[in-house]
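Chains as they are written, first to last, in the numbering used here: chain A, 1 to 313; chain B, 1 to 313; chain C, 1 to 313.
Among the hints, erroneous ones may be present.
What follows is a list of derived Cβ distance ranges for each label pair [stated by the list, open to error]:
| hint | chain 1 | residue 1 | chain 2 | residue 2 | range |
| --- | --- | --- | --- | --- | --- |
| 1 | A | 245 | B | 20 | 56 to 66 Å |
| 2 | C | 127 | A | 219 | 49 to 59 Å |
| 3 | C | 127 | B | 115 | 21 to 31 Å |
| 4 | B | 115 | C | 215 | 51 to 61 Å |
| 5 | B | 215 | A | 245 | 51 to 61 Å |
Simulated pairs of lysine to aspartate or glutamate, DMTMM-like, Cα-Cα distance not exceeding 20 Å [to be verified]:
| hint | chain 1 | residue 1 | chain 2 | residue 2 |
| --- | --- | --- | --- | --- |
| 6 | B | 127 | C | 37 |
| 7 | A | 127 | B | 37 |
| 8 | A | 155 | A | 188 |
| 9 | A | 48 | C | 20 |
| 10 | A | 236 | A | 195 |
| 11 | B | 41 | A | 45 |
| 12 | C | 236 | B | 93 |
| 13 | C | 48 | C | 58 |
| 14 | C | 127 | A | 45 |
| 15 | C | 48 | A | 37 |
| 16 | C | 48 | B | 220 |
| 17 | A | 127 | B | 283 |
| 18 | A | 155 | A | 202 |
| 19 | A | 236 | C | 93 |
| 20 | C | 249 | B | 31 |
| 21 | C | 48 | A | 45 |
| 22 | C | 127 | A | 281 |
| 23 | A | 257 | A | 227 |
| 24 | B | 48 | C | 93 |
| 25 | B | 249 | B | 202 |
| 26 | C | 34 | C | 188 |
| 27 | B | 48 | A | 186 |
| 28 | B | 127 | C | 281 |
| 29 | B | 155 | B | 45 |
According to the in silico footprint, chain A covers these stretches of chain C (three or more CB under 8 Å from chain A) [said to hold, decoys possible]:
| hint | segment |
| --- | --- |
| 30 | 99 to 113 |
| 31 | 144 to 155 |
Hint data in this document are derived by calculation from the structure and do not stem from the laboratory.
We put the beta carbon where it would ideally sit given N, CA and C, even for glycine.
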Amino acid sequence: MFSGAIQMNFMGRDIVSIEDFSQQEINHILDIAKTMEPLAKTGSDMLKGKILATLFYEPSTRTRLSFEAAMLKLGGANIGFAEPDFASVRKGENLADTIRTVENYADIIALRHSLEGAAKLAAEFSKVPIINGGTGAEEHPTQAFTDLYTIRKEKGRIDGLKVALIGDLRYGRTVHSLAYALALYDIELFLVSPETLRMRKDVISTIKNKIPVTEDANLEAIMPKIDVLYVTRIQKERFPDATEYAKVKGAYKIDLKTLKNARKDMIILHPLPRVDEIASEVDNTPLAKYFQQVHNGIVVRMALLSLVLGAIK
Amino acid sequence: MFSGAIQMNFMGRDIVSIEDFSQQEINHILDIAKTMEPLAKTGSDMLKGKILATLFYEPSTRTRLSFEAAMLKLGGANIGFAEPDFASVRKGENLADTIRTVENYADIIALRHSLEGAAKLAAEFSKVPIINGGTGAEEHPTQAFTDLYTIRKEKGRIDGLKVALIGDLRYGRTVHSLAYALALYDIELFLVSPETLRMRKDVISTIKNKIPVTEDANLEAIMPKIDVLYVTRIQKERFPDATEYAKVKGAYKIDLKTLKNARKDMIILHPLPRVDEIASEVDNTPLAKYFQQVHNGIVVRMALLSLVLGAIK
Amino acid sequence: MFSGAIQMNFMGRDIVSIEDFSQQEINHILDIAKTMEPLAKTGSDMLKGKILATLFYEPSTRTRLSFEAAMLKLGGANIGFAEPDFASVRKGENLADTIRTVENYADIIALRHSLEGAAKLAAEFSKVPIINGGTGAEEHPTQAFTDLYTIRKEKGRIDGLKVALIGDLRYGRTVHSLAYALALYDIELFLVSPETLRMRKDVISTIKNKIPVTEDANLEAIMPKIDVLYVTRIQKERFPDATEYAKVKGAYKIDLKTLKNARKDMIILHPLPRVDEIASEVDNTPLAKYFQQVHNGIVVRMALLSLVLGAIK
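One chain only, chain A, in its complex shape (with noise of 0.2 Å):
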């Protein structure tokens, strides 16, 4: 593509699902998070009289704070709740009056909901822009920002690498926004997960069409090539019963031992919480990077918000 023909615009663009986003446009946001970096020590008064509004109808501290986080320090201010039965819900108002109420309190919206396609609904009816902060079990866009910028920051680049998702890719809503972002790019992708916990068929079916995917891949026989390895927790709460939970947990813990035969330079991610799938040995090695994505997630919501308000462009 002639990149310097084609404008983009960010302003009042809703981020409901990353396959909105071209290769191109993901590039640009990654550009703009980077020259957040200095911004996120020294602060902004960027989007000073600024509020967002964090509607988290399921609780994630960790993505409510990062995103106010971000938005303080680029001088502007929150409100929001953090609980899943919040009054409004409680007395049986729907998402649409929610967000025709909320949209006048706030120049921004981040929501956190449950139900696949809440985000999309939110956008429908918002006057203002939404981000989609997670919804159901597809979609997590500024996770998956904050991994792509994760990788460029740590690897140098994205195209050419080797990419292993490892753990639950079943119910695990940032490894599809993931996945379908890395199919932009010239990536070889491995996934590697118990039986009951593979990958949906028509996600897929969508990114093999575009990248080489191995699947049911042997994280042994793997590890020695993989630039890149993904972990995730095994949730709990997605599984219908603790059974099944009980049978997999523990299953492809990363220690040590896994890690004989990486690559020196492969690095490890986890969108985090983790429960065990990674042991705390693994922390202090060079590989671990898990801990810095989460500062990186800071510096892609500021260009995030930065850019949905007209800020920066």
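Please build the complex by placing chains B and C on the supplied structure of chain A, with the hints as guidance.
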């Protein structure tokens, strides 16, 4: 009244009950609210350094966020709690002690409480101004100011209008504050509700001394002549039992058919959240003003905060 | 000690335990707190751009709001959570991971936790300073600084005073931190409590090495000579069973009769919330300083935040 001669000073004043305000004072608050409209867009530093404590013993996301947004738009900041079972209460602390504690943290307190008289009690103990954010089944003065502001903004005046209050007139706290406020103006009032949800006798007799009130009005019959249709939610949590709730739920529902003979310039208000007492097909008609009402709640609260904190006269 | 020669630097320091501080350091904190008194009224931009994360695993509205108000009055901002069952914990995350996450969002963390040692553990993992907002049954250093500040402010000095601690000396975390702090000064200490709520032996033996301590003192007997009466709530939630609680509740209640022989310049302190261990008739006597104590908690926390964040030396 001779407007030039009377001195009004809201600084340090508690906003406990709509009945504490003269028509002249209410008009002044609505005038100031109008001057807040541009500041609601641009923001202001009028209350920089000031802190609002929102003490919500009863959940109300809408009212809490409205107060917080108003404070932020004026450059102030917020602290508070939104959970009914907040820590100090659970430990057995009484309201007077909580107020004498929080007055040290904040310049002004917005209080929501399930008990009648809680705001009045708080005001007696507090060194900083108390704004009633809804107490018991009777008082919700900031909503009443919002309703009046919306009527004046949309109809150009309050005097001379025919207003119908419909739905739950017994347990809905907003209609009580609004009825008292309307009775200060030249209003003809119509009450429309199921038998078990009629407005309390003492409230009716008070306002009947001031304005004409038609009790138990027939909605279809009055529809062609009313200027303001004020619809309220039938609040499940106010009912002694589920059977009584089920009986009246859905009665008096407003839809396009109900509105067939309405005046073209009639406006429909609702304090929100609604459940299904207004059909969504009404939302896109020019009559529907309930989402604008939400916006108006912000400028009204901006006016109250800046008046009471002495930033404006 | 030769005050001019010793360099004190609080920047980046964790505030975990009162036992980590020398008398000289405590005096410096109290001096700085005094300089915060005018700023508590006017506000300041001293911490503009800085973010405090309040991580309250155990509910404490009072302490949380005090920290947040202190931060706002210095121009900083707040993020955090106030629910004991916050999202990441429910998902199985350990404290070390939460800290290594939140340190990316904030410049300083205030932690409240039910477990002994949680603040110490957090400090070991955190890149940003940790302030202990109350952990386990032992540590509540910011309350102890507040208590000392109140004593010095009201009595003009700390040395030479007779102090009585009354009520629940076993489960109340504030009395432990305070006892350790008082032992650094020339204090005569009296302990007054029911048999089952006596101060733990190890705490007593530590402070007995430094100052005279009268255990199991008789309140009526010592009343005429004590300068500071420090009353604590008998904390229901610390009791193994309700029967034991019922037995001691109401014992050692302070009312006007109890105070008949008190010195005219005696002061009564209480960390609040109180239930009924101080009768409300005492509130309006000049002896009652427990609400002033709340105000003092703000300036003390302002001092700690500005010292630890390096805005002041």
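Checklist entry - Does the structure break any of the earlier hints, and which numbers would those be? => result When the structure is compared with the hints, numbers 2, 3, 4, 9, 13, 14, 16, 18, 20, 24, 25, 26, 27, 29, 31 turn out to be violated.
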